[in-house]
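Visitor: Each protein sequence line maps, in turn, to chains A and B.
When we follow numbering that gives the first Met the number 0, the leftmost residue of the first sequence carries the number 0, and every step to the right adds one.
When we follow numbering that gives the first Met the number 0, the leftmost residue of the second sequence carries the number 0, and every step to the right adds one.
Warning: the hint list may mix true and false statements.
The calculated EDC-like cross-link candidates involving lysine to aspartate or glutamate, where the alpha carbons are at most 16 angstroms apart (straight line), are [said to hold, decoys possible]:
1) K172/A to D157/A
2) K441/A to E355/A
3) K560/A to D380/A
4) K348/A to D475/A
5) K229/A to D33/B
6) K269/A to D33/B
7) K269/A to D31/B
8) K407/A to D428/A
9) K310/A to D475/A
10) K499/A to E556/A
11) K237/A to D35/B
12) K237/A to D45/B
13) K469/A to E556/A
14) K269/A to D35/B
15) K560/A to D475/A
16) K100/B to D224/A
17) K351/A to D559/A
Per the computed footprint, the stretches of chain A lying under chain B, defined by three or more beta-carbons under 8 angstroms from a beta-carbon of chain B, are [unchecked claim]:
18) 222-232
19) 442-456
These aren't lab readings, by the way, just hints derived from the structure by calculation.
Backbone N, C-alpha and C fix where the C-beta goes; we use that ideal spot for every residue, glycine too.
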Amino acid sequence: MNSPIDIPSELRDLKLDQPVNLSRRRFLAGSAIGALVIGFGLPIGSARVQAATAVTAERGTQVPAFLEIRPDGTVRLLCPFMEGGQGTFTAMAQIVGEELDVEPAHFLIDAAPPGEAYVVMENGLRITGGSMSVRMSYPTMRRLGALARAMLLQAGADTLKVPVGELSTEPGKVVHAASGRSVAYGDLAERAMDLPVPDPASVKLRDPSQFRWIGKPVRRLDAYDKSTGKAQYSIDLKVDDMLHAAVQHAPRLGMTVGGLRNEAQVKAMKGVHSVHVLPGAVAVVAERWWHAKRAVEAVQVDWQEPGADSKVRTMPADFSSDAYRDHLAAQTGPARDDENEGDVAAALKGAKTQVEATYHNQYLNHGQLEPPSALARFNSDGSLEVWLPNQAPDMFRDDIAKRTGLAKEQIILHSPLLGGFFGRHFLYDSANPYPQAIALAKAVGRPVKLIWTREEEFVRDVLRPVAVVKFRAGLDEKGLPVAIEAVSATEGPTEAIAGKQGEKIDPTAVEGLAGKSYAIANKRIAQIYVKGPAMLGYWRSVGNSLNDFFYESFLDELADKGGHDPFELRLHLLRDNPRLTTLLQAVGELSGGWKRGPFTAEDGTKRARGVAMASPFGSEAAVIAEVSIENGQVKVHDIWQAIDPGSIVNPAIVEHQVNGAVALGLSQTLVEEAVWVNGMPRARNYDLYPILPPSRMARVHVRIVESGAKMGGIGEPPLPAVAPAVANAVARLTGQRARSLPLSRHTFA
Amino acid sequence: MHCPAYNDETPTDDQRVNAMELRINQKTYQVDADADTPLLWVIRDDLGMTGTKYGCGLAQCGACSVLVDGNVVRACVTPVAGVVGREVTTIEAIEADPVGKRVVAAWVEHQVAQCGYCQSGQVMAATALLKHTPAPSDEQISAAMVNLCRCGTYNAIHAAVHELAAQPAAKESV
């Protein structure tokens, strides 16, 4: 691991004496240059940083790569995870601060550059996704804080000339109780960071009973900046001499540019610097983005059908999402089993009652409010700097190296705040603007910022997958399920990105059908792999976002068929599972006691409630929804959610994440659908692609249950049980069982 | 195929280029821009104030909300020439307005923001509402607070605005 750590541009520029005009400059302007000589802020090639990062060390122990303690006591943390609203920066300040003994509010946090030093997750990855940031790095990030504290204590001992054993810390300072003396961390930082990092096994972590910040509703570090327009996202960045670019994509992926019919005319348009043909796209570069956009939309392109040698997944002209659903429904196999317990065939045969149903879902866009952009700059030393939204910096850097032929060390990747992500900013071939931005910057010899319009985003965004699931189940003479089978015709996002089926079933294809905890003796969960033409990706809660809707809705059908209340049936099927029994009872209590309805509410509307559960991303969730019908459409009044992530770091952020996940869950349940016709998306903007508006939001009531089980995720787990809880309530109220989403495709009486 | 409004248009050089004077955040700026350039891009690219966001370009999402003479408008579809002689307020100056300052404080108090991308527009919309109607009814709040938020912060926004609406004077002295 000899690669030197990437250094933020402003530091490079200090050394290279190049002008810089970046947002983060303000960050430096307010800090004494002296602060830069400690910790991370060393000029490239510095012996200290090299020493800290060149050696192969245990994960998350290279303290100077993460922490810079400034003379004023402020701690700058380079965070391995991206902040996109889920609150990970604040959580990391709580976790590191707890052990370092620094108040979370005194942290300044930026996303760390790519590099081995920041691979801190227990699964050996460094990504921001899968609701993994906190749960996969929690012990490591605590230890990082504790190691830094140990270094400050040692520096304090040297400074105060007392044995280190006589010292303790209070927030932001080392204290010698015997003499009443103390030294602020800011005054010890330089000496501390010169010390060797102690043996990771030598530091003792704080007893959780003594936590001041972990587990508490600590306020978000970014709340003020995000309420006053000060937060900067990729789309906001600017460097000196920068040009702007806009693109027009091929209407269908795989098509190529045959020619431009009006190139001269477009080149003559106001503000146009140059016109460029790119793979599957035309670009205009201009001094102003508005001119680039107008010009590129005026380009008349002769689009050619994809050749047989196309390097991207090609979209045929006759593709439609409705026809593709029928295609999935017609699949008969072969299927591969993911779960197969007992003897489903025999149990079905012997069952008193058999129940069958077929479900499907819809394609979805990510619809994150910040349109994708990328800023690329080739520096005079041959390095390439790229600013872009991403959830996996090392993967993006490696891909840029592959595409450009540059060495990884020559690529400086910056990861600004994300204006929403929901799975949008992973590495998706043809769905990210940075290859275009890099090509344009190279072509024009100046930095280029490329922004995709919302319309160009909607034609290249990867889609949440669709599935058609055929269920069969058997009920015994008591009406209880003895067998369940689900066969899903689908392509999971992971196998879609790989372009082929793996050795094992793609877990992201079947999660939510698989992994259920109900005690049903005979079960089979299987997948029929169907490779389709649409580009697919991860969407908040991934496979669970569709599969829990299918399974939990069908489970209610079984309850009805067997004459059981669905809440009671779930309790029965979970009778040997204390954790989930507790959770289900908790959501029942939260809602004022389970009542299915229908009943008449105080406002005179007829309402009913539905219940559903999910086990996504290491956490457990239970949801109750209350609905009525208004003008033929579903109105969701209240969502009660009990969630058990094992243990938590910030209850306030958890509650906000539940609210957000409920909103996205309601969006896909009620209104949202990416419809494709003739190989193209019908919607290219929010006018035809509705996302949940404020008027369709429900009240959300949250109960956090900390069972003490292994820590689970929180960004995604509150989403999957929303759709089935709503659908189950609607079925109870109307007698109509919706076996597909969104519910706006159905009319209810 | 897309954006027919522009695809069918023959580009010409006769778009009017104006040196114009804009009043933004109580300062006067000289800008050279085509008269029909959306205010959003003049604010962001020419004047470097990036707190106002581009989300859709179609007045669908509200991320670009600014105040013009105290009324909330969507800058992505507002031709810059249309605001000459009028007073534009962007999120950068929101705390200079006493109502805007209260709105920001409520946004922080209620920890509204998640990704934050839409929140400039949300704060502008709430400020415009409360400047015109210090104690709005539920219906007035629902009618005014229509900007989209993909993170789903609607309930936190609701709580913040309702608190401001319930205490129009109480916080004025703070």
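Visitor: Now, for every hint given, state plainly whether the structure supports it.
Guide: Structure-based check of each hint:
{"no.": "1", "hint": "K172/A to D157/A", "in the structure": "holds (14 angstroms)"}
{"no.": "2", "hint": "K441/A to E355/A", "in the structure": "violated (58 angstroms)"}
{"no.": "3", "hint": "K560/A to D380/A", "in the structure": "violated (72 angstroms)"}
{"no.": "4", "hint": "K348/A to D475/A", "in the structure": "holds (11 angstroms)"}
{"no.": "5", "hint": "K229/A to D33/B", "in the structure": "violated (28 angstroms)"}
{"no.": "6", "hint": "K269/A to D33/B", "in the structure": "holds (9 angstroms)"}
{"no.": "7", "hint": "K269/A to D31/B", "in the structure": "holds (12 angstroms)"}
{"no.": "8", "hint": "K407/A to D428/A", "in the structure": "violated (19 angstroms)"}
{"no.": "9", "hint": "K310/A to D475/A", "in the structure": "violated (53 angstroms)"}
{"no.": "10", "hint": "K499/A to E556/A", "in the structure": "violated (35 angstroms)"}
{"no.": "11", "hint": "K237/A to D35/B", "in the structure": "violated (24 angstroms)"}
{"no.": "12", "hint": "K237/A to D45/B", "in the structure": "holds (11 angstroms)"}
{"no.": "13", "hint": "K469/A to E556/A", "in the structure": "holds (14 angstroms)"}
{"no.": "14", "hint": "K269/A to D35/B", "in the structure": "holds (13 angstroms)"}
{"no.": "15", "hint": "K560/A to D475/A", "in the structure": "holds (11 angstroms)"}
{"no.": "16", "hint": "K100/B to D224/A", "in the structure": "holds (13 angstroms)"}
{"no.": "17", "hint": "K351/A to D559/A", "in the structure": "holds (15 angstroms)"}
{"no.": "18", "hint": "222-232", "in the structure": "holds (count 11)"}
{"no.": "19", "hint": "442-456", "in the structure": "holds (count 4)"}
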